[in-house]
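A.B. asks: Line by line, the protein sequences give chains A and B. Offset between the first sequence (1-based) and our numbering: plus 77. Offset between the second sequence (1-based) and our numbering: plus 77.
A portion of the hints provided could be inaccurate.
[Said to hold, decoys possible] Some, not all, of what chain B presents toward chain A, calculated at C-beta under 8 Å:
1. W171
2. R223
3. V360
4. P397
5. P413
6. V415
7. L418
[Claimed, not checked] Derived list of chain A stretches under chain B, where covered just means 3 residues or more per stretch with a C-beta under 8 Å from a C-beta of chain B:
8. 127-138
9. 159-171
10. 301-309
11. 360-371
Hint data in this document are derived by calculation from the structure and do not stem from the laboratory. We put the beta carbon where it would ideally sit given N, CA and C, even for glycine.
2 protein chains.
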Amino acid sequence: MRWAVILAGGSGTRFWPLSTPNSPKQLLPLAGSRSTAREAVDRLEGLVSRDRILVVAGASLAPRLVEHLELARENVLVEPRAASTGPALVWATWEALHRDPDAEVLSLHADWSVADPAAFRQTADLALRTARGFDRLVTVGIVPSRPETGYGYIVPGARLDSLARDVARFSEKPDAATALDLMAAGALWNSGLFAWTAATLIREIELRTPEIAPHLEALRRGDVDGFFRAVTPVSIDVGLLERSGAVAVVSGAFAWDDIGTWEALTRVRPKDAGGNVLAGSAVAYESADCVVWAEDDVVVLNGVKELIVVQAHGRVLVMPRDRAPDMKRLLDALPPAVRDLPG
Amino acid sequence: MRWAVILAGGSGTRFWPLSTPNSPKQLLPLAGSRSTAREAVDRLEGLVSRDRILVVAGASLAPRLVEHLELARENVLVEPRAASTGPALVWATWEALHRDPDAEVLSLHADWSVADPAAFRQTADLALRTARGFDRLVTVGIVPSRPETGYGYIVPGARLDSLARDVARFSEKPDAATALDLMAAGALWNSGLFAWTAATLIREIELRTPEIAPHLEALRRGDVDGFFRAVTPVSIDVGLLERSGAVAVVSGAFAWDDIGTWEALTRVRPKDAGGNVLAGSAVAYESADCVVWAEDDVVVLNGVKELIVVQAHGRVLVMPRDRAPDMKRLLDALPPAVRDLPG
Chain A
78 MRWAVILAGG
88 SGTRFWPLST
98 PNSPKQLLPL
108 AGSRSTAREA
118 VDRLEGLVSR
128 DRILVVAGAS
138 LAPRLVEHLE
148 LARENVLVEP
158 RAASTGPALV
168 WATWEALHRD
178 PDAEVLSLHA
188 DWSVADPAAF
198 RQTADLALRT
208 ARGFDRLVTV
218 GIVPSRPETG
228 YGYIVPGARL
238 DSLARDVARF
248 SEKPDAATAL
258 DLMAAGALWN
268 SGLFAWTAAT
278 LIREIELRTP
288 EIAPHLEALR
298 RGDVDGFFRA
308 VTPVSIDVGL
318 LERSGAVAVV
328 SGAFAWDDIG
338 TWEALTRVRP
348 KDAGGNVLAG
358 SAVAYESADC
368 VVWAEDDVVV
378 LNGVKELIVV
388 QAHGRVLVMP
398 RDRAPDMKRL
408 LDALPPAVRD
418 LPG
Chain B
78 MRWAVILAGG
88 SGTRFWPLST
98 PNSPKQLLPL
108 AGSRSTAREA
118 VDRLEGLVSR
128 DRILVVAGAS
138 LAPRLVEHLE
148 LARENVLVEP
158 RAASTGPALV
168 WATWEALHRD
178 PDAEVLSLHA
188 DWSVADPAAF
198 RQTADLALRT
208 ARGFDRLVTV
218 GIVPSRPETG
228 YGYIVPGARL
238 DSLARDVARF
248 SEKPDAATAL
258 DLMAAGALWN
268 SGLFAWTAAT
278 LIREIELRTP
288 EIAPHLEALR
298 RGDVDGFFRA
308 VTPVSIDVGL
318 LERSGAVAVV
328 SGAFAWDDIG
338 TWEALTRVRP
348 KDAGGNVLAG
358 SAVAYESADC
368 VVWAEDDVVV
378 LNGVKELIVV
388 QAHGRVLVMP
398 RDRAPDMKRL
408 LDALPPAVRD
418 LPG
């Protein structure tokens, strides 16, 4: 049977001052009227039965996710500690396997925006069929719409069939020139949308991932705490996909964005005539190409360009758009009393 | 005896969204920790006895002023309607004359910033002595620190003595080139700080100001409402000072600002190392030459320049500094639900 694992960790400090530890970006309606986590679940409708959707999150967030996503409590898996995507996906896949020996798993994130859910489902279906048919770990590559330096790229290799290819190599967060070269050479964005059968994932982990493999025994004993204590944190990309020879790629023909920064709202939300994205109560007077998030106050722009203005949790942030990727530097510089948000 | 008349009318829409009809700019601590109205009263300490300070304001504001300025109720004069500075000053001067036949009057505004109160008092004392000694309407001219186009200028004429001169002419809100010429020729800013004996003002009004003179009879009868109903609104400058031959000027050697726009805060408040004026809880990170007023929320600037950011009354305004004089155009364009402030 088909299972989905939605990774819902991460605090989203790049969405300060809107996101908080208790209300991280995946629970915020950044891309529309529903949260990205809610959209992630709803997007699976017709592809994966609701009772086979597993969500992985930290202890503080899990109760909110159960309520917010209207999932059964046992389908929200509480990570004892954050240990990157490798251990999380292995554990969740193991859980699926435990409940269903024939499980095939789709892995996705709770903070994506996808413009075309039908195309998404079609691609996910193809990825799952490719995973079983060719016994591969299957990545979904998105045709790049810009030479983004914040993403990883997949370079396709030999053809498996008319729709799937093996992966020649990965290129993580290239510089701008390399990103252009990769685009020109037909490389695809690594979306983080993966498909595998549970059996194949466990086999490949045992072959390739010493950070995790020796500790599967703890999972076999049902000792999840012991597993997370013992593993070395490692991403599924670095810990497995970049090492395995059994990785394939299928192409995703849907607009996809991981909504990594405030800047991303310009790609996933409608704009006014001046190119401004206005979320909440906001007026842009003779202003252009701005992003406004007005949570409580009304924000009025008067004659400004290319600014990000965010009002939330008793804070107002004003910065040029090109500072959006660099929030950590700002947050490190802020006094804790300003940085730390209520709730 | 010496009297002071403080004009405290005006709504201060250029300080949107901080100033409101019930809390106009003269009641706000724009220049420091006390309101400009409070500073106007305190600045007279030692020059004019507190019980001879009259404040003119509209009905909605008068009760707040009595409390805020700790004045006797009968010293706050409630204008039946706003009719510009001419009728207001004539009425207040008439009131002083009624209580004190020998009254001499200093006229000032409630929204000024004055850097050196002692120099202010010295100049005001000189203006009052000149008014009586030469039987003149005396203006105080401020040595300009910039070719400001928003102010009126006084061109001094023949000498009366070593400190006072007659006025050759006035030049109201010149264009930039004319303002430079006026500065070069020794013209002074018309501050609105005036001095006269009550008897001289009434005599000159009767000679020069048909908008007001015929209606003094109503004041004589004690019919203030009738007076304000009958007069034609006119400023004291246009209605009298520009017409009278009995106008003198003394020079004010103190930094003076009428705090007309948010931009003015850069002249009257301390700046951080980056040239930012930060009022309230605000952080300017790698930002320069900005003005922030943070009333409730904490405002964080990240890598911006020459912006004005104001948070107050559930509104956030973001604009370049050079838009500060032009608030009316913005306010006319805002939907009433956004423009109209609570309280």
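A.B. asks: To test your reading of the hints: which numbers does this structure violate?
C.D. replies: Going through the list in order, the structure violates hints 1, 2, 5, 7, 8, 9, 10 and respects the others.
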